[in-house]
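Asker: Sequence:
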Amino acid sequence: MTVAGVSPVYIINQHTKAILMKDSSYYRSLILDNQGERHSKYWPEEIIDHSCLPYFSSLEGRRKSVKKLVKIHNKVPIPVIPGKGVYMLPTASAKSMDCVWLSYYQIERYEQQGDKTYVEFRDGTGLYINTSEKAFDKQFQRTGDVIARMSRSIFFDRGLPWI
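Start counting at 1 in the sequence shown, then tack on 12, and there's your number in my numbering.
A couple of the hints might just be wrong.
[Unchecked claim] Straight-line alpha carbon distances no greater than 20 Å define the calculated EDC-like cross-link-like pairs of lysine to aspartate or glutamate that follow:
1. K128 to D110
2. K146 to E123
3. K150 to E132
4. K150 to D127
5. K96 to E120
6. K107 to D35
[What the hints assert, rightly or not] Computed spacing ranges between beta-carbons, pair by pair:
7. G97 to S37: 33 to 39 Å
8. Q125 to K79: 28 to 34 Å
9. T137 to W55: 20 to 26 Å
10. E120 to A160: 18 to 24 Å
11. S165 to N46: 28 to 34 Å
12. K83 to N46: 29 to 35 Å
13. N25 to K146: 28 to 34 Å
14. D110 to G136: 22 to 28 Å
15. T137 to P66: 24 to 30 Å
16. N25 to V82: 23 to 29 Å
The hints are simulated quantities; they were obtained by calculation from the structure and are not laboratory data. From the three backbone atoms N, C-alpha and C, an ideal C-beta is built for every residue, glycine too.
Please model the entire structure based on the sequences and the hints provided.
Answerer: In structure tokens form, the structure reads like this:
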């Protein structure tokens, strides 16, 4: 439902590829998904927070859980919809204009190109990120670690009724 004159907050989903911070007087985010680009008046963290709420958490709740689970204290990957494989990883501090939030499973490959890292998505589109490949690789691996730790109970929980 949309209130007249107020644009709805974008909800991150399995088709979301990236959310970039915009330096504009009105738009605060650029969202890339499988249908193209869209602009939003909401900050990336507001979009992530709003996207976590239907799954009974908030951005801060997800952040606290990940910090405790994997002992990460900065540039924390966020499991937005873990049951559907939607994990967003930040490329820099969330307050930095260089921060791009990328969807882990949308990333096909990445490589250093000059002083930036080129990230190619599964659909063949791509994006240059203002970070080194080494720093990006660390974030990508951190997110993989979060996914593995969160999935562990699915495969190895002793209390499952079907075992």
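Asker: Work down the list of hints and note, for each, if the structure agrees.
Answerer: Hint check results:
1. K128 to D110: Holds: K128 and D110 sit about 11 Å apart, inside 20 Å.
2. K146 to E123: Given that 20 Å is the threshold and the Cα spacing comes to 9 Å, the pair holds.
3. K150 to E132: Satisfied, since the Cα-Cα distance of roughly 17 Å is no more than 20 Å.
4. K150 to D127: holds (17 Å)
5. K96 to E120: Measuring from Cα to Cα gives roughly 18 Å; hence the hint holds.
6. K107 to D35: holds (12 Å)
7. G97 to S37: 33 to 39 Å: holds (36 Å)
8. Q125 to K79: 28 to 34 Å: holds (32 Å)
9. T137 to W55: 20 to 26 Å: holds (23 Å)
10. E120 to A160: 18 to 24 Å: holds (20 Å)
11. S165 to N46: 28 to 34 Å: Taking Cβ atoms as reference, S165 and N46 lie about 30 Å apart, which means the hint holds.
12. K83 to N46: 29 to 35 Å: holds (34 Å)
13. N25 to K146: 28 to 34 Å: holds (30 Å)
14. D110 to G136: 22 to 28 Å: Hint holds: Cβ distance 24 Å, inside 22 to 28 Å.
15. T137 to P66: 24 to 30 Å: About 27 Å separates the Cβ atoms of T137 and P66, which means 24 to 30 Å holds.
16. N25 to V82: 23 to 29 Å: At 24 Å between Cβs, range holds.
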